[in-house]
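Visitor: What follows is the residue order along each chain.
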Amino acid sequence: MLVVKCPVCGAEGDETDFHAGGQAHVRRPATCDPAHVTDAEQRDYLFIRINPRGLHFERWRCDRGCGKWFHAARDTVTMEFKAFYGITELPPMDVIAQAKGQWAEYFAKRLGAERSRETGA
Amino acid sequence: MSKPYRLSAGGRLIDRAKKVSFTFDGGTVSGFAGDTVASAVMASGQRVFGRSFKYHRPRGLVGLGSEEMNALVGVGLGARHEPNLRATQVEIFNGLAAVSQNRWPSLTWDVGAINNRLSRFFPGGFYYKTFMWPRSFWKHVYEPFIRRAAGLGKAPEGRDPDAYEQVHVHCDVLVIGGGVAGLAAAEAAAANGARVILADENPRLGGLADISGGQVDGQALPDWAAATGARLHAAANVHVLNRATAVGHWHHNFVMLFERVADHDPALLSSGVPRHRLWKVRARQVILATGSIERPVAFANNDRPGVMLASAARGLVERYGVAPGSNGVVFTNDDDAYQTAIVLKHSGVGVRVVDSRGRAEGALPNKAREMGIPVDAGSVISAVSTGWGGLGITGVKIATYRKGQGRVIRETGAEADFVAMSGGWNPALHLWCHNGGKIRFDEKLQAFRPGEHHDKVTAVGAANGHFALHQILEEAYRAGSRLAGSGNVHPVPTAVQAEERPLEPIWFAPATGKYNEGNKHFIDFQNDVTAADLELAQREGYESVEHTKRYTTFGMATDQGKTSNINGLGVIAEASGKTIPEVGITTFRPPYTPFSFGSIAGVLTRDLFLPIRRTAVHQWHVDHGAVWEPVGQWRRAYTYPRDGETNHQSIDREILAVRNKVGLLDASTLGKIEIKGPDAAEFLDRMYTNMFSTLKTGKCRYGLMMNELGFLTDDGVTVRLGDDHFLMHTTSGGADRISAWLEEWLQTEWTHYRVFVTNVTENWSQFAIAGPMAREVLRKLEPSFDISNAALPHMSFVEGRLGPYPVRVYRISFSGELSYEVATPANHGLGLWKEIVAAGGEFGLEPYGTEALHVLRAEKGYIVVGDETDGTTTPIDVGLDGLVSKKKADFLGKRSLDQEYLKAPNRKQLVGLLTEDPDDVLPDGAYAVRHVKDKPPMEMIGHVTSSYRSPTLGRSIAMALIENGRARMGETISFPLPGGKVVRARIADTVFYDKEGAKLNV
Amino acid sequence: MKPRYSVFSLARNAMNYHKDWERAWRSPAPKKEYDAVIVGAGGHGLATAYYLAKNHKMTNIAVVEKGWLGGGNTGRNTTIIRSNYLQDPSIAIYELARSLYEDLSQELNYNVMFSPRGVLMLCQTQHEFRAFQRTAHANRLAGLDCRMVTPQEVKEIVPIINDDPNCRYPILGAYYQPRGGTGRHDAVAWGYARGADAMGVDIIQNCEVTGIQREGSQAAGLETTRGVIRTRKIGVVTAGHVSTIMDMAGVRMPIESQCLQALVSEPIKPVIDCVVMANTVHGYMSQSDKGELVIGGGTDPYNNYSQRGSFPALEHTVAALVETFPIISRLRMLRMWGGIVDMTGDRSPIISRTPVEGLYVNCGWGTGGFKAIPGSGWVFADTIANDRPHPIAEPFGLNRFEEGRLIDESVAAAVAH
Amino acid sequence: MSELSYQSPLAGLAEPHGLSVSIREIAGRGMIDLRGLGTDAAFMAAARGVLGVDLPTKPRTSASWGDIRVLWLSVDQWLILGTRARAHELLASLREALTGIHALAVDVSDMRAIIRLEGEGCREVLMKGAALDLLDKEYMPGCCRRMRYAEIAALLDVVEDNVFDIYVFRSYAHHAWNFLCATARAPAKLKLFGAQEVPG
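These protein sequences, in sequence, are chains S, B, V and G.
Residues in the first sequence are numbered consecutively from 124, following the working numbering.
Residues in the second sequence are numbered consecutively from 3, following the working numbering.
Residues in the third sequence are numbered consecutively from 138, following the working numbering.
Residues in the fourth sequence are numbered consecutively from 73, following the working numbering.
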């Protein structure tokens, strides 16, 4: 039984006080451009999941505390939590650095996009 | 029974002043307070406790405590019977009834023992090779036979009368095991201010201190242990748990302790104390001081009653004053077992030592020799002889032995009625491994020891492979201090103990024949797995240790391989030419020892098993004979049958009351969610398929919700309370789910929306007053507002009072009749309900339940999410295209509706059905077929979603999802029912009653 | 051809203390190249290899396994076999599997102990009753031997059931498949392994796949811890680890790996002679031939590769079963364990070609794969051999997630399998 | 029509006996659920103006002023306790003060049942249904938090050292009550830590 800590209110407790909400950072394509969502994009959004053996990023809710959603980085083998962070945030850089495979690709792309947006602006 | 074996003196745990008597297999056995069933039965001279699993061989006591695998007994009678308990752990009390197991008709004369005669035909895995012919025989002949023969004890009869409970507790340091190491670690942690829990599976602390010899700070070890234990009991920051086994270790240092609170004392039990208590411990640090378990030696017929572990023989004498026999042999490959020989000699029991090591020197062997104990070094026991039926041993054969020797050439006989064996000691690693701790093989100990662990777990003492007293104390005091988070190391007392020399492994002792030629060197005693079985598995290619385990069932008995594990690996290693680390180890799984399902359920049985949710009117429903329907965790009234009425009759009565007069429904379970904020309207437009931003204040609108897959997930009426303020109704099952769903979207997707959501479901009682006379009833309740059709038309809302009751009134209808849903704060709910019932009397008002509600809505063709839909149904499938906005760019599920399959032309669509014979009521879920055939398979084209006999229409009505249904209006389709009957029905409109809605707008 | 197992061969071997038994399967070194390689020697993978050899005469094939054969979910499940599903595609594959199980011991000359002792799915709410009634109609018209039974019949079939009409969830009836039951899970893997091996299939254990080689869009070989193996047909059947393997070929999967736990009690004399599933309260129970009560429940709600679950998931299952079978309260849990199950978005399996030619995948069996092994192997072998979906496999293609053609069984109230 | 009738969630239950602590229902309390942003100064000021006390912003704490008590529920949610008689008026004042401010105040006086535990050993009783570390110094008077208790959602308010109020949703009141009665039975009394008897 995991011990989870909510980064919003600081409550720490058994996993049964929290609600596990699946993979983090899944983009809902229709929010941005509802008229041009391809079947493949919709499939990726609804079904395709990064499913690593090792460091994973996921959503949790402080179900029996402040009720807020947040993000967590967790190792799916040792079950160790590496970080808890806000629902609109990216993980701490040192944790991003530990990401592998599809997660590493995801963060590289995401950070790259943000950087170019910053420089563009 | 033979002569008693109780020694005239000794026995640290027993109180000779308190006689206790109990029964074993019906015969009375007497013992003393402090005895276990094992010690008392042994004292009486009886050797046989039960029969083994496969060969039904008679078996005696082997172990000292929870490692026991042979002496299993059933305890208690009737509903209080509990099978498979270790006799070594069952504390006796007056009136205890114990029985042996797995024998018929009796322990000494067992028909199943024929299996032993035929054992040559039953090697490991034999059942995979036979019992295949003829096919039907497996189910009807072979399997029933095997099942009857297998199993051990019997299940209790009837419902468990005792109570169980659980408790959560947090601590800084959890010390598991109250032996020398555990005591020291706990003392050090406590002295450093930590909150400490010390748990031990035995009735008292001390572990093996009482049989280990040695001194601490000048005190005899048992006295030191007792004094330390007393200090810990007295400490303010320590909680000591006796009879509490740490059964498992899970992620993030979650440990469960299984406490047997009252098993040992019927008086406690009858006082109402919970029988078992499960402690759910969350520990900052876990210290494993779980000690070690002695391992047997594999020699021919090493399972015969009278062959036991050296520690068990020593324990019988030291703890219970019971001699294991009158004349025995200690067979060992280590020094520790010499202590057993010494103790036996002291007690006047005849003993000699057979040591497989070439040289038996050092302090303990020398002391033994000095005492006049004969020592045969470089020797093994090559065989044991038994009396009739193998019920007890009468002698042993001793042969000289050199390491690696395959078979014995010459052997000499010696009389003996017991053997005390020791093959070395294994650290108890189970808890270390439960949550993925790594282990490594120690060549010197010939055993596995703890390696790395990713959780905060530390092993100390014998559990960590340290057996010398000074080493144990040093390690435990240091660990206890350090893990309490303090730099102050508790002073370590000085220890004195005889030094021991290392063991030499012997995985099986040779016999005259080869071990795999008919000799039985047992490795796993309870499951009857021999060295030959393990070798056979290797030879047949079941090479992985997991394959060997599963093929032979080695390590899978109720002791989970506690004593057999390393011996088995040793045999496999020799058979396969590998080292033990190369062979690997099977995974230790929780629990450490079996624990009761009752304790896992705790208090969550009977009424508390799952919560029942009650509305404010619950008791009224009970008092008026309601039949219940569980809806989620709610209990809703299904119908209210009166004296002599069937459910059917009362449902019809309720329906007709609503259609012709007026009815009253407790609709409090409907979800109610307040939604407020500048972006509330836009937010609702995202959530619902239809438009809500256009809804006018004070008006109601029916809305549909889809999940992102495009399937219907909830529906209900939402009212606009103000410009930025809405009240949403959900289905009864949907309140919490939808409320959480709204929060989720607000927090995770549309984070810029300024909207607050509060679930107020529980604050309100809500009742539907429905029927042509509804307005009359309402009027009688003294409304503070105008209830005329003009002022309060269909789909509108008003807030005010009914007499003294504050209410919100929604003019909405799920029955097709004039209907008001009246909500009042829940603490006034019962009062208002009663007022409505009283006011309605003169108008013929009847309370109605959920089934009437369902028929009423079906007559009107209203869907129920969950009946007409099943999680794969779109709004378009059920004909609600009109409620799916074409204007809104995006709302939940919209994009998925555009997927190929969801807009395919041949999807099933909701239609009405009228059976050809109006008296035929189609069964719920019946399928229509394209063509009726004589026998299946038949191609199915859809199914009935709701079906009722409508008392209003005097005929059956149904709704169904039928392939391309709306295009087939008027067509007749066929439903083949069980038994061959085919019901034919015409596809019709889903609205069967008042198609124009005339009754709604009056 | 291997010597046959029978009561006669057993007796003959007994004369020589069983020293003449041959290996059940060889332990070959991998060849440089095969016509096809199956990744994963669980039940599904071994059955696929067996039927490739038997039905399609492809014998120059191998099965590679990173650990020991049958060591994943095949050896960790609660061995329930049934086919009374709601949706047509599910009925087709599970019924094919169930019917193959009936003769599997004879087919493989290895006793897999298929025990058609009956599967009873309890109805504990009106809603569940209606849902099973619907399934019963669908199954009857599909030709399955299934029926609804009354509470009285339930009590006759399972005398230890709690039939108190006032209990929290009284038994309203049950849906019964008399020819469902259980099997011996390890034996299924071992029997298929022995059978495939006898036809020349190389089963290579302790051989972990580390990469998938491609030539353009065509699969070309496997990199393994025991060297490169060339092949143009690769069947990936690795359950919980499928995302990892498919990632090597650049194929992203609609899969999440979670922990499903099961437990057994200490062995007792027979008390229950069928499989009972109580979906409303999330538990199921049967009794093994050894006498252990075999109990399973739901999955943990997060990804987990540790093969160790969380206790609460089991706790509720046990509480539910104590309520359903009150006599088990005083029995004891002997062992609990977890498996890594691969869950798809619609909880139905994937048997499919992939965007990489010559790369096939069979996964997503979630909590219910054991019952499907023979059927899954049968249709997957056919799909690989002919490079087109077997008709029974077709609905289970990967493309369904793009088209919205989901196969959702949870709609029939059957939460657990 | 007769008087306005009032039935608290646990009305009519027999007095429990044989328990190790006292349990009773607290009825007649007024409750307002207030949502607003803790970061919104206007909102916080408006609330303070009506309540006479700052909404507590430290997680899991409560604040009191006169007969008003405010429990922190979340960073944007509070439960305001007062007398039932005043609830209506208080709500009206709040709504008025919050005009033009993004907030939601709802009268939820009938939404929950309150059960008070009193006496030595309350914490141990609660630990049979809650996984919190109730022996920790965090759970001193002035602490309040939502929790999972007896398998349901509950709210814990530490009133005094040995006085605890448990709030549960109304429909679960009987379940919570029965759970407490089952776990607070006198023979099952637990005393954690501190001096223990040494077994003989």
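Rather than coming from a laboratory, the hints here were simulated on the basis of the structure.
Some hints could be false.
[As the list claims (entries may be wrong)] Straight line, CA to CA, 35 Å or less: simulated DSBU-like cross-link-like pairs of lysine-lysine:
no.: 1; chain 1: B; residue 1: LYS446; chain 2: B; residue 2: LYS458
no.: 2; chain 1: B; residue 1: LYS889; chain 2: B; residue 2: LYS997
no.: 3; chain 1: V; residue 1: LYS139; chain 2: B; residue 2: LYS141
no.: 4; chain 1: B; residue 1: LYS983; chain 2: V; residue 2: LYS139
no.: 5; chain 1: B; residue 1: LYS156; chain 2: V; residue 2: LYS292
no.: 6; chain 1: B; residue 1: LYS21; chain 2: G; residue 2: LYS261
Visitor: Could you work out which of the previously given hints the structure breaks and list their numbers from low to high?
Guide: Of the numbered hints, just 4 does not hold.
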